Amino acid sequence: MKTYTYTEKKDTRSGFGAGLAELGRTNPNVVALCADLIGSLKMDEFIKENPERFFQIGIAEANMMGIAAGLTIGGKIPFTGTFANFSTGRVYDQIRQSIAYSNKNVKICASHAGLTLGEDGATHQILEDIGLMKMLPGMTVINPCDYNQTKAATIAIAEHDGPVYLRFGRPSVPIFTPADQKFEIGKALQLTEGTDVTIVATGHLVWEALEASKALYEKGISAEVIDIHTIKPLDAKAILDSVSKTGCIVTAEEHNILGGLGESVARVLATNKPTPQEFVGTQDTFGESGTPAQLMDKYGLNASAIVNACETVIKRK
Amino acid sequence: MANTKELQDLTTQVRRDILRMVHKVNSGHPGGSLGCAEFLVALYNEIMDRKDGFDMDGINEDVFFLSNGHISPVFYSVLAHAGYFPVEELNTFRLIDSRLQGHPTTHEGLPGVRIASGSLGQGMSVALGAAQAKKLNNDSTLVYTLHGDGELQEGQNWEAIMYASAKKVDNIICTIDLNGQQIDGSTDTVLPMGSIESKFVAFGWDVITIEEGNDIDAILKGMAKAKALTGKGKPVCVLLKTVMGHGVDFMMYTHAWHGKAPNDDQLENALSQNPVTLGDY
Numbered sequence: 001m002k003t004y005t006y007t008e009k010k011d012t013r014s015g016f017g018a019g020l021a022e023l024g025r026t027n028p029n030v031v032a033l034c035a036d037l038i039g040s041l042k043m044d045e046f047i048k049e050n051p052e053r054f055f056q057i058g059i060a061e062a063n064m065m066g067i068a069a070g071l072t073i074g075g076k077i078p079f080t081g082t083f084a085n086f087s088t089g090r091v092y093d094q095i096r097q098s099i100a101y102s103n104k105n106v107k108i109c110a111s112h113a114g115l116t117l118g119e120d121g122a123t124h125q126i127l128e129d130i131g132l133m134k135m136l137p138g139m140t141v142i143n144p145c146d147y148n149q150t151k152a153a154t155i156a157i158a159e160h161d162g163p164v165y166l167r168f169g170r171p172s173v174p175i176f177t178p179a180d181q182k183f184e185i186g187k188a189l190q191l192t193e194g195t196d197v198t199i200v201a202t203g204h205l206v207w208e209a210l211e212a213s214k215a216l217y218e219k220g221i222s223a224e225v226i227d228i229h230t231i232k233p234l235d236a237k238a239i240l241d242s243v244s245k246t247g248c249i250v251t252a253e254e255h256n257i258l259g260g261l262g263e264s265v266a267r268v269l270a271t272n273k274p275t276p277q278e279f280v281g282t283q284d285t286f287g288e289s290g291t292p293a294q295l296m297d298k299y300g301l302n303a304s305a306i307v308n309a310c311e312t313v314i315k316r317k
Numbered sequence: 001m002a003n004t005k006e007l008q009d010l011t012t013q014v015r016r017d018i019l020r021m022v023h024k025v026n027s028g029h030p031g032g033s034l035g036c037a038e039f040l041v042a043l044y045n046e047i048m049d050r051k052d053g054f055d056m057d058g059i060n061e062d063v064f065f066l067s068n069g070h071i072s073p074v075f076y077s078v079l080a081h082a083g084y085f086p087v088e089e090l091n092t093f094r095l096i097d098s099r100l101q102g103h104p105t106t107h108e109g110l111p112g113v114r115i116a117s118g119s120l121g122q123g124m125s126v127a128l129g130a131a132q133a134k135k136l137n138n139d140s141t142l143v144y145t146l147h148g149d150g151e152l153q154e155g156q157n158w159e160a161i162m163y164a165s166a167k168k169v170d171n172i173i174c175t176i177d178l179n180g181q182q183i184d185g186s187t188d189t190v191l192p193m194g195s196i197e198s199k200f201v202a203f204g205w206d207v208i209t210i211e212e213g214n215d216i217d218a219i220l221k222g223m224a225k226a227k228a229l230t231g232k233g234k235p236v237c238v239l240l241k242t243v244m245g246h247g248v249d250f251m252m253y254t255h256a257w258h259g260k261a262p263n264d265d266q267l268e269n270a271l272s273q274n275p276v277t278l279g280d281y
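Chains as they are written, first to last, in the UniProt record's numbering: chain A, 1 to 317; chain B, 1 to 281.
Keep in mind the hints are simulated off the structure, nothing from the lab. Predicted model, so just to flag it, every value in this text is computed and none were measured. Note that beta-carbon positions come from the ideal geometry of N, C-alpha and C, so glycine has one too. Hints should not be assumed to be uniformly reliable.
[Unchecked claim] Heads up, incomplete: computed chain A residues facing chain B, CB under 8 Å, no partners named:
(1) ALA60
(2) ALA62
(3) ASN63
(4) LYS76
(5) GLN94
(6) SER98
(7) TYR101
(8) ASN103
(9) PRO233
(10) ALA236
(11) ILE314
[Said to hold, decoys possible] According to the in silico footprint, chain A covers these stretches of chain B (three or more CB under 8 Å from chain A):
(12) 153-164
(13) 182-190
Input sequences plus hints: build the corresponding full structure.
Structure (structure tokens):
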């Protein structure tokens with residue numbers, strides 16, 4: 001079995017900051033906007049090098065989304081930065097009308113997504129954002145798994161013409177994808193090969209899925225782990241090819257099981273190849289304050305929860 | 001340079017278009033549309049510096065954003081007469097498979113429309129982005145907007161109003177249609193907003209008031225003043241005092257025709273008050 005190790009942990013939001021800084025050097029049309037969270041979004045380097053291409057909007061996210069839409073009229077490629085909660089739910093109507101319906105080339109970059117925001121608690125831990133964004137026609141939804149992938153995704157979305165939701169997190173997580181990877185929107189990455197169960201995971205849960213596959217191997221279960229960094233458009237072929245071999249699937253995400261990756265996968269399976277599926281995600285609940293590790297444990301978002309789900313789904317084959 | 005008579009004739013024809021469009025589908029917003037006819041006719045035919053054809057970026061030409069998208073009938077009629085698409089297409093307003101959606105959208109690729117509007121309060125933010133893009137592009141042309149007065153009740157406007165002066169966005173002229181009416185009644189009944197002029201001034205804007213917002217000459221004069229104020233470090237607001245339903249006696253001075261179509265008799269009456277000038281579509 002192919003195994004993954006890491007030497008360093010880093011936050012995915014820093015991957016965004018590094019990607020944005022590189023775009024600042026390579027793409028003169030890229031501009032950045034922030035609603036009073038420069039440090040949290042790691043935008044400092046871009047701003048230092050391109051002060052004229054940065055717009056500090058203040059604590060006014062609706063205005064930020066509108067200004068971003070307007071900046072595209074004139075050929076700019078705006079990257080907005082704030083927490084995932086304020087990047088989606090707070091400004092849903094602005095994104096819907098001025099960005100998605102108007103098909104504007106805005107990149108909505110959202111940090112501190114999910115439970116792993118930690119101690120700030122439920123008001124800041126959005127677990128519905130993937131659902132909100134994937135339901136908007138024309139919106140691309142990306143949730144990368146580590147620093148390197150987030151950096152690569154940030155650079156890749158500047159080349160994509162159309163609105164994109166890019167979601168990343170706050171805590172440091174293992175870096176296990178290569179630094180020189182090519183990021184292809186909509187193309188899932190198969191990380192391990194297996195025959196008994198498919199695990200498709202997104203974001204911070206991809207590392208947990210790899211850990212789960214190791215634990216399953218110890219138990220004599222062969223798991224195929226797929227990194228679904230792009231939730232929309234979804235790589236249906238990768239999912240169907242894998243379940244053709246394994247016959248069952250577990251989806252894992254730091255998001256409500258309602259409306260997230262799991263439901264998108266279920267639709268692909270239901271309409272193409274009905275397959276037993278288990279869902280790892282939050283169970284239609286708000287989060288709470290705590291350390292990221294405590295929260296992942298309490299809400300069942302870690303490797304052991306994925307192992308349990310795999311054992312359950314295998315029995316349903 | 002068109003003369004006043006030509007602009008007035010065009011305005012009368014635009015009024016006929018509005019009435020017939022709304023009547024045909026028995027839906028739409030005639031009141032605010034009629035009230036803004038002179039302004040939009042003057043804007044597109046005299047005030048704005050426009051290029052031939054249409055491209056989304058509008059580089060090196062003035063651009064306009066309609067924030068109160070429900071007055072789409074007047075916008076579509078003015079765009080069509082300005083050459084963005086065939087006037088006959090007004091026949092398709094609000095019909096299935098039309099580019100002329102109930103509220104304007106870029107989705108259908110209608111030339112002249114650069115942003116969707118309908119959900120109120122978003123246009124000023126978009127205009128500020130476009131104005132700042134112009135500055136980045138070293139493009140010295142201007143961004144114009146139109147907003148309803150009731151629309152100012154949406155909080156996003158005040159985020160934008162605060163931002164515009166703080167960031168010295170001085171290549172923008174935002175026009176507020178002060179007709180004092182909204183769907184549920186007068187603005188003073190629904191939510192009194194006090195002095196809109198003082199509010200803009202307090203937020204650091206230069207403000208021009210056009211008392212006769214349904215008079216072409218007054219509009220041209222007022223907008224020339226507004227234009228002269230651009231480029232001086234402050235955003236510019238134009239308070240345009242109009243009469244909702246202007247040009248149709250039974251539609252004037254009331255919110256009743258904000259979102260209601262005339263029946264056959266009412267249409268005939270209204271059209272008789274606005275005789276054909278350029279020919280109907």
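Comparing the hints with the structure gives:
1. Nearest Cβ of chain B to the Cβ of A:ALA60: about 4 Å, under the 8 Å cut. The hint holds.
2. Interface hint status for A:ALA62: upheld, as the beta-carbon distance to the closest one in chain B is roughly 4 Å, under 8 Å.
3. At a threshold of 8 Å, the smallest CB-CB gap from A:ASN63 to chain B is about 4 Å, leaving the interface hint in force.
4. Taken as an interface hint, A:LYS76 checks out: its beta carbon lies about 5 Å from the nearest beta carbon of chain B, inside 8 Å.
5. Among the interface hints, the one on A:GLN94 holds; its C-beta lies about 6 Å from the nearest C-beta in chain B, closer than the 8 Å criterion.
6. A cut of 8 Å between beta carbons decides the hint on A:SER98: the least distance to chain B is about 5 Å, and the hint holds.
7. Nearest Cβ of chain B to the Cβ of A:TYR101: about 5 Å, under the 8 Å cut. The hint holds.
8. A least Cβ separation of about 6 Å between A:ASN103 and chain B falls short of the 8 Å threshold, and the interface hint therefore holds.
9. Interface hint status for A:PRO233: violated, as the beta-carbon distance to the closest one in chain B is roughly 19 Å, over 8 Å.
10. For A:ALA236, the suggested interface contact is broken, since its CB lies about 26 Å from the closest CB of chain B, more than 8 Å.
11. Nearest Cβ of chain B to the Cβ of A:ILE314: about 46 Å, over the 8 Å cut. The hint is violated.
12. For the region 153-164 of chain B, the stated coverage by chain A holds: 6 residues have a C-beta nearer than 8 Å to a C-beta of that chain, and at least 3 were required.
13. With 0 residues carrying a beta carbon less than 8 Å from a beta carbon of chain A, the region 182-190 of chain B misses the three-residue requirement, and the given coverage is violated.
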